[in-house]
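Visitor: These protein sequence lines map, in sequence, to chains A and B.
So for the first sequence, the UniProt record's numbering puts the first residue at 1; every next one is plus one.
So for the second sequence, the UniProt record's numbering puts the first residue at 1; every next one is plus one.
Hints are computed from structural coordinates only; laboratory data are not their basis.
Incorrect hints may appear among the rest.
PhoX-like, lysine-lysine: derived pairs with alpha carbons at most 25 Å apart [stated by the list, open to error]: (1) B:K303 to A:K112; (2) B:K289 to A:K138; (3) A:K432 to A:K396; (4) B:K245 to A:K138; (5) A:K362 to A:K375; (6) B:K303 to B:K232; (7) A:K138 to B:K311; (8) A:K138 to B:K87; (9) B:K87 to B:K289; (10) B:K232 to A:K138.
Below are the chains, spelled out letter by letter.
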Amino acid sequence: MTFGKKLWMTLFIFIVISVGAAFGLAYLLYEKLYVESIKTELAEAAGNLANDYEGGDLDSAFVDQVNWFSEKSPFEAFAVHNPRELAACIPYEADYETLIGPEERAQLLENKMIEETGYSERFDRQIISVIYPLLDEKQLNGIIYLYVPLERIDELVSSLVMFWAAGAVLLMALLLYGGLKWTDYVIKPLENMKNAAVRLSKGDYKARVPADSEDEFGQLARTFNEMADAIEQEDEQRKTFIATVSHELRTPLSYIKGYSEAAINGIGNQKKQLSIIHREAIRMERLVNDLLELIRLDSGKMNMEKTFIPLADLVYRTVDIFRLKHDHFQLDVDEETIVNGDEGRLSQVMTNILDNAVRYSKKKTPIYITLKREKNMIKWIVRDTGAGMPENEIPKITNQFYRINKARTRHDGGSGLGLSIVKQIVERHDGKLMIESEAGVGTTVTVILPALIEGGEEK
Amino acid sequence: MKKFILAALLLLAGCSQASFEPVRIDEYAAILTVQEPGITFIDSDGAVLAEWAFDERYTGGVLFDETILLYGTELDHAVLYSTKTGKKLAVWTVPSGITGAAFINETKEVAFSVKKDGAVHFFNREGQETEKTQTGRYPMTMLEHKEKLYIINYQDTVLSEINIYSHKVDREFAIPTSSAGLAVNEATEELWVGGHGYGAEASETIHVYSLQTGSLTATVSAPIMPIAFAEKDGYVYTASHGSNKLYAFNPERKSAAEIEAPANPFSIAVLGDRVISAGYDSSMVSFYKEKTLGKIKTVPIRKGPFMIFVKEGE
């Protein structure tokens, strides 16, 4: 059974119960309030009439008075003085139905009023009645009998029963139709989400659901859309990555193919050609290595062999490597900084960052390197005064194969994966990579790592 | 331990020998009450001689030879008590649905009128049924007079006259239905028949029949619903329970006196020179002077007095 049907069934049951309860309550109120109030009125009227009885035989004036009252009031009233009707002959067997029975007579003889509700054979209908004794000493000289036909609530509406039934059916139909519509409205977002999920699973990453409402369904729809966005973006990145990798590999391959053909055919300077082929092979090797590295980092398969490393040493060693390419470094290094990390990986981080700084800086411009401890953090800052980049490019430069100047790609010699790798490694060390840059002014890259405090604990 | 056994024995003896207070004088009235089942014995001054309370509801009885035989319409047995000793003498097995009883002195038989089979059943003094005579629908009030037993058939229109020796119906009198109450005016040889009336119509007259011809000779007005009679010295006393009235009629059938009775009187009797009547609703017994019905006194009694039996002194 679908959720919609369940909801509709629940609604249906509630409606049936409600209509039943409404009828029951009306009946109860009728019984309790209407019948009780009629009884009280009857008793009062009977008492007032009986007050005029002064003892002795019932005279015709009194009987007439009761009859007059019966005509003028909404109640049926009569006075009875025939002892046959008053069960005076009991315990002799009566040959007809007396107005009152022996128990009632006994009660009346004790000057107690009798109230009855129910079917009366004599009047052949449901009545509410009050019997008031007219006693003279111990003699029951008569009674005042007051009654009002007790129209049961279904009798009351018997003339209207068709209308009532039609009304009830109409109301039920209306409520059920409304309920059906409402159920549809309520489960519509769920339906939408189900359909969108089916489309997503079949590869349609553009599938989205409307998320206009502010309720839980709206929130769920927004979350669903965010999830779909993420999937779509991931898919997009995957496609781009494959295209980029293919492109990046094809470039050195076309060099190698072209120059090797020239060499085979004996065209041009063979040595130069071989040198180019060699250079491009190195590039390919580096590209493939970087890719492997990145994939390993991405999939979390790369093991970090962490040890306590004095970062200052690492900085000095790396800078020394780059001194051949660039000779203007300004160092401000705190020698006491120690981190818990994988030395090889952190060395790679420094290499990649310095590689970028050197690549985009002019020969004579300084590259500032700072290593310091701030509270529990170690900050390693590399600032160049090179080309820099527009602010809007900054968030993208850690993306794979992202280059600011697309044309400069191969000429610059980078794989376009360097900062992606840096970011991954830093994050695996619970650290953070921050890049600030301004086009034409320079770039500052800050690596923040947790410091190792005394006792060997990272903070 | 001995004391305990003695007490237990006494208790057992008390249970098995239901014995009531004996009535030691010769002239009294026994009043049967049905709402509080029992019998109250009183003398002509209204003094209570004894009060018996029963576990079962007796609706009638008959007094003879210092015993009282009690029956109930719903019971299938009748119980015989000695008034002299207050002891239960015998339990008779009788048909259920008994509505009346009479003691026939000449044959020493007890006649029961039984509504179910519309017959009168005759029992000897040992409690054995000897004869059964069909009479009519719902035989009820019975009276024995001069070797004849007169029976009112309550839901019929005939009064049956049975010969006490042959147990055969000799004659039938045409009477109104729902008749109740019988008396014989010995002075005039008349049978007085009262009644409740038919349906919702309340009877107001007494029908008087000649015992010789069996025909209706007169009607006497005694509103409303005269149903109980007593007779002495040619005077007939009537209780009309519908109007709570007592009437005294002289031998000429003229009303000699009339007085208010205790509420809803079902019974009237003559005890010595007193007329007594009991009110079923008021549970009161009133004493009146004979002939003039001058009220002497009223005494309270157990609830629902229905019949009065009189034991005349020797």
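Visitor: If a hint holds in the structure, say so; if it does not, say that too.
Guide: So, going through the hints one by one against the coordinates:
{"no.": "1", "hint": "B:K303 to A:K112", "result": "holds (18 Å)"}
{"no.": "2", "hint": "B:K289 to A:K138", "result": "holds (23 Å)"}
{"no.": "3", "hint": "A:K432 to A:K396", "result": "holds (16 Å)"}
{"no.": "4", "hint": "B:K245 to A:K138", "result": "holds (14 Å)"}
{"no.": "5", "hint": "A:K362 to A:K375", "result": "violated (35 Å)"}
{"no.": "6", "hint": "B:K303 to B:K232", "result": "violated (28 Å)"}
{"no.": "7", "hint": "A:K138 to B:K311", "result": "violated (29 Å)"}
{"no.": "8", "hint": "A:K138 to B:K87", "result": "violated (35 Å)"}
{"no.": "9", "hint": "B:K87 to B:K289", "result": "violated (34 Å)"}
{"no.": "10", "hint": "B:K232 to A:K138", "result": "violated (29 Å)"}
Checked against the numbered hints listed earlier, the structure breaks hints 5, 6, 7, 8, 9 and 10; every other hint is satisfied.
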